[in-house]
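Colleague: Protein chains in written order, with this note's numbering: chain U, 1 to 378; chain D, 1 to 378.
Since the hints were derived computationally from the structure, they do not count as laboratory data.
As the structure is a prediction and not an experimental result, all values here were calculated from the model.
Treat each hint with caution, since some may be false.
[What the hints assert, rightly or not] Here chain U is said to cover these stretches of chain D; the calculated rule only asks that three of the stretch's residues, wherever they fall, bring their Cβ under 8 Å from a Cβ of chain U:
#1 60–66
#2 97–111
#3 358–368
[Unchecked claim] Covered, in the sense of this in silico footprint (three residues per stretch, anywhere, with C-beta under 8 Å from a C-beta of chain D), are these stretches of chain U:
#4 11–20
#5 100–113
Glycine included, each C-beta is placed from N, C-alpha and C at the ideal position.
There are 2 protein chains.
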Amino acid sequence: MRFLHTADWHIGKKLHAFSLAAEQQDAFTQIKTIAAQEKVDAIVIAGDLYDRAVASEDSVAMLNGMLKELNLQEKYPLLAISGNHDSATRLETGSDWYTATQFYLNTTFAGAFEPVTLADTQFFLLPFFQPQQARNYFEDDSLKELPEIMKRTVAEMVTKFDPTKKHVLVAHFFAAGSSHHDSETKIEVGGLNAVPVDLLEVFDYVALGHLHDKNALHHPKIQYAGSPVKFSASEAETEKGVWIVDTDPYAAKWVPLRPLNDIQILENSYAELTDPALYHSIPNDDYVVIKLTDRAVIEDVLNKLRNYYPRILTLTRVNGRESLTVNDDDVVLTDLAPLALFENFFTKMTDEQPTELQKKIVQESLAELKKGDQDETN
Amino acid sequence: MRFLHTADWHIGKKLHAFSLAAEQQDAFTQIKTIAAQEKVDAIVIAGDLYDRAVASEDSVAMLNGMLKELNLQEKYPLLAISGNHDSATRLETGSDWYTATQFYLNTTFAGAFEPVTLADTQFFLLPFFQPQQARNYFEDDSLKELPEIMKRTVAEMVTKFDPTKKHVLVAHFFAAGSSHHDSETKIEVGGLNAVPVDLLEVFDYVALGHLHDKNALHHPKIQYAGSPVKFSASEAETEKGVWIVDTDPYAAKWVPLRPLNDIQILENSYAELTDPALYHSIPNDDYVVIKLTDRAVIEDVLNKLRNYYPRILTLTRVNGRESLTVNDDDVVLTDLAPLALFENFFTKMTDEQPTELQKKIVQESLAELKKGDQDETN
Chain U
1 MRFLHTADWH
11 IGKKLHAFSL
21 AAEQQDAFTQ
31 IKTIAAQEKV
41 DAIVIAGDLY
51 DRAVASEDSV
61 AMLNGMLKEL
71 NLQEKYPLLA
81 ISGNHDSATR
91 LETGSDWYTA
101 TQFYLNTTFA
111 GAFEPVTLAD
121 TQFFLLPFFQ
131 PQQARNYFED
141 DSLKELPEIM
151 KRTVAEMVTK
161 FDPTKKHVLV
171 AHFFAAGSSH
181 HDSETKIEVG
191 GLNAVPVDLL
201 EVFDYVALGH
211 LHDKNALHHP
221 KIQYAGSPVK
231 FSASEAETEK
241 GVWIVDTDPY
251 AAKWVPLRPL
261 NDIQILENSY
271 AELTDPALYH
281 SIPNDDYVVI
291 KLTDRAVIED
301 VLNKLRNYYP
311 RILTLTRVNG
321 RESLTVNDDD
331 VVLTDLAPLA
341 LFENFFTKMT
351 DEQPTELQKK
361 IVQESLAELK
371 KGDQDETN
Chain D
1 MRFLHTADWH
11 IGKKLHAFSL
21 AAEQQDAFTQ
31 IKTIAAQEKV
41 DAIVIAGDLY
51 DRAVASEDSV
61 AMLNGMLKEL
71 NLQEKYPLLA
81 ISGNHDSATR
91 LETGSDWYTA
101 TQFYLNTTFA
111 GAFEPVTLAD
121 TQFFLLPFFQ
131 PQQARNYFED
141 DSLKELPEIM
151 KRTVAEMVTK
161 FDPTKKHVLV
171 AHFFAAGSSH
181 HDSETKIEVG
191 GLNAVPVDLL
201 EVFDYVALGH
211 LHDKNALHHP
221 KIQYAGSPVK
231 FSASEAETEK
241 GVWIVDTDPY
251 AAKWVPLRPL
261 NDIQILENSY
271 AELTDPALYH
281 SIPNDDYVVI
291 KLTDRAVIED
301 VLNKLRNYYP
311 RILTLTRVNG
321 RESLTVNDDD
331 VVLTDLAPLA
341 LFENFFTKMT
351 DEQPTELQKK
361 IVQESLAELK
371 KGDQDETN
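So that you can see chain U by itself, here it is in the shape it has in the complex (with noise of 0.2 Å):
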């Protein structure tokens, strides 16, 4: 069989202050008319569909709109899971319900060893989950790290694979590395061990959702789909897409989106970026995040540079500015004593000295502190 595997709507998502539902609306039409261009049989969505547990109005009636325009008038079965940022028991609503129609919707940990048969294929649906749920799942208060906790997840779903079938894993989580290493390097994401990827090998796909971009992993056989649109200044670089999957025989092509509107990084003097040359070449509802090359002092620079870039996200000088007396090359930050390090910040924000006042108080809150730190060691 062949499906599209996408993650990480993230519906209601905001990029600072902008609203990003027209983003996700044109993502959504394109990733329709790849699932049609590729005849897909199933739609696979690994987790995060909604950007918040309590999604605002729109968002559900957004997210309620594509996933109705998917199932019930394409009539592609669907495959999907809650991610972390969606809470598991509102996203719940209605999947008992929707089996009817294939649209497979597992919120709960329970849930993931009742694999979803679709043609060739048993789809295993892993929610986002707590370490507890698993322990509460196995009865076993042993387990401790999600490294183990997925060890026993796996060879219990490996209990329920039909030999005669393709096996294919839904989850949303942080995987890297390897379980073989020597060095045991733990890698941590959140608090959370990240899940070595050799232990999901014994699948012949597993289908990510959790990391935003398609090369946070590589490996032919477990991938990310990433997000379908740029959430942030950091994802301006990250091409965005879909992958479409066969699983007999096995082969996964990736088919990109094209943003709506992109996130556009200029890092330029003021004179650069007010030359038509280059504002002319910047689609007005592109986002904008500036790296103001300038030293010196523009007064209203943002309020300026708005003219040119209606939607700048973020403006910031990455050569300081003239006016500073304090250079930072000068100073390492961690030799100061308290005060002068105090001193040196003010001086930072305000271009100005503290005053003697200024100065006593927060000497005196100083001491104090100090004070409190004998106490308690007392």
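Use these hints to put chain D onto chain U, whose structure you have.
Modeller: Okay, now just chain D, sitting in the frame of chain U:
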């Protein structure tokens, strides 16, 4: 056909600080039992399924569980609408899938004109709506008040009547009075007019939600089901239950629900309240409204009484307190000058006379206010 008519579940509702989850689950179980005993062909829920537009995860899980039990397990056709407490957009989630198992949940004004036919009956599902939604639907901004909007709405529904069927309206609004009264008395609740009852008489039955007392209307075929649980002290004496309605020949039977924990109104003295004869007669889990008849000061009276009645909702004194130096009966408050009114209030609240300084501050404030008034009229 025979259906059960209930409404105003308000899942998530709290009674003062107390969760009513246990009471709501118990009432639901009773409703399920009644539905089975009465062998109903369908269940009507006339709005306000949730208590809040954004229900808690627990409430979402509870309502989802109830709807699954009725529709997917017990296989009852369900007919439901959103009420003013529900978010129509949020509640709508899944509804397009629900119809496959005869769960008809309408949250849109337009949907009210697509009747659902079950056996011998057409059901018109009219959710709570804002007048503007009706104006948009009819493309007629001349529709101002709810009575004329409902007249138009009912007329439109009549055009969809199948004459071989019975016609039932499910709606969530305040129905009262008649459009034929000479006085043209407008009955308003919360700024919205009431819907005159005679407008609805074209239906064979009107299953209403909104008011929590079935006795809010006395009409043989236009009925409130009321809430299944007592939701406030003002509902202490209200009998809760459901209607069992036969369409042909028409019959409506009231089946009461037994409260899991009742609300008790106790108008007694402290001595009576702490008498085992009384407090042993009140179940510990009942909610208690105390109207204390004593006039004497009793220190920490609320906490003392909680030893006998753990779930006190409110405690008020029906006869005032003996220590009060001003007896309300002796003074006609509106006759007093502002300063005297303040002194009266101060004394009542604190059992002390205001000091000269306090009186001076008030006097100055009053003068300031008076000056402000004059400034504004100039």
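Colleague: Now tell me if each hint is right for this structure.
Modeller: Evaluated hints:
1. Coverage of the segment 60–66 of chain D by chain U holds in this model, with 3 residues showing a Cβ closer than 8 Å to a Cβ of that chain against a need of three.
2. Coverage of the segment 97–111 of chain D by chain U holds. Counting CB-CB distances below 8 Å, 5 residues qualify, and the rule asks for three or more.
3. Taking a C-beta to C-beta cut-off of 8 Å, the segment 358–368 of chain D contributes 0 residues in contact with chain U, too few for the three needed, and the coverage statement is violated.
4. Beta-carbon proximity to chain D at under 8 Å applies to 0 residues in the segment 11–20 of chain U; the threshold of 3 is not reached and the given coverage is violated.
5. Look at the segment 100–113 of chain U against chain D: 3 of its residues bring a Cβ nearer than 8 Å to a Cβ of that chain, three or more, so the hint holds.
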